[in-house]
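Counted the way the UniProt record's numbering counts, the sequence shown spans residues 1 to 186.
Hints are computed from structural coordinates only; laboratory data are not their basis.
Honestly, I wouldn't trust all of these hints.
[Stated by the list, open to error] Here are the computed lysine-lysine pairs in the DSSO-like style, where the Cα-Cα straight-line distance is at most 30 Å:
(1) K8 - K142
(2) K163 - K141
(3) K126 - K174
(4) K142 - K116
(5) K27 - K116
(6) K126 - K16
(7) K27 - K73
(8) K145 - K126
(9) K81 - K167
(10) K174 - K8
(11) K8 - K126
(12) K167 - K16
(13) K141 - K167
(14) K163 - K142
(15) K126 - K73
(16) K16 - K27
(17) K142 - K167
(18) K174 - K27
(19) K116 - K16
(20) K81 - K116
(21) K116 - K126
(22) K126 - K142
(23) K167 - K22
(24) K145 - K22
(25) K142 - K22
(26) K126 - K27
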Amino acid sequence: MSLSEVRKSTESRMVKSLETLKVALSKIRTGRAHAGILDHIMVEYYGSPVPISQVANVNLVDARTINVQVWEKNMAGPVEKAIRDSDLGLNPISMGDSIRVPMPALTEERRRDLAKVVRTEGEDAKIAVRNLRRDANDTLKKLVKEKEISEDDERRMQDEVQKLTDKHVIDIDKLVAQKEAEIMTV
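Please model the entire structure based on the sequences and the hints provided.
Here it is, written out as structure tokens:
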């Protein structure tokens, strides 16, 4: 394995950690409605679980209401049940083959709880990035041991990996701060 391969692999895996954090944060609801909030909810469709987006159109009616338009009438019940049973605390209202999902206003206490969840997700992402740094440094140590690279190359590469780590930790902090501000805005 060459130095450039170690760097590319580490960087791509750190970017994936950042993407995973973005997905996790998008599932944490703020006071406003957005269609993506229902993306992770699975519905039983002919014996197999599928995301809501594969059995219905999900769009916004206004800032506090999501409309779910099912494609098959018989799916309205299972979709409504899946939304109600999800961890989002939503109470959907069925209207034939259309389901309205009003977003309740967040209390101050609930906002603080959500902010804690956001910080925890951010910390998990930082841990993942630091683990990737450790893996890269271990790989570099092996390459030095096997005499494939010099100790100077190892030191230079460790500095590069550290800079990558710092950059991604800063990006994570920005995402977390942004999401926290979004949640705390009334």
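Okay, the hints, checked on the actual structure:
no. : hint        : in the structure
1   : K8 - K142   : 17 Å, holds
2   : K163 - K141 : 18 Å, holds
3   : K126 - K174 : 12 Å, holds
4   : K142 - K116 : 39 Å, violated
5   : K27 - K116  : 14 Å, holds
6   : K126 - K16  : 12 Å, holds
7   : K27 - K73   : 27 Å, holds
8   : K145 - K126 : 29 Å, holds
9   : K81 - K167  : 42 Å, violated
10  : K174 - K8   : 23 Å, holds
11  : K8 - K126   : 19 Å, holds
12  : K167 - K16  : 14 Å, holds
13  : K141 - K167 : 23 Å, holds
14  : K163 - K142 : 21 Å, holds
15  : K126 - K73  : 45 Å, violated
16  : K16 - K27   : 17 Å, holds
17  : K142 - K167 : 25 Å, holds
18  : K174 - K27  : 17 Å, holds
19  : K116 - K16  : 23 Å, holds
20  : K81 - K116  : 28 Å, holds
21  : K116 - K126 : 15 Å, holds
22  : K126 - K142 : 25 Å, holds
23  : K167 - K22  : 16 Å, holds
24  : K145 - K22  : 38 Å, violated
25  : K142 - K22  : 33 Å, violated
26  : K126 - K27  : 19 Å, holds
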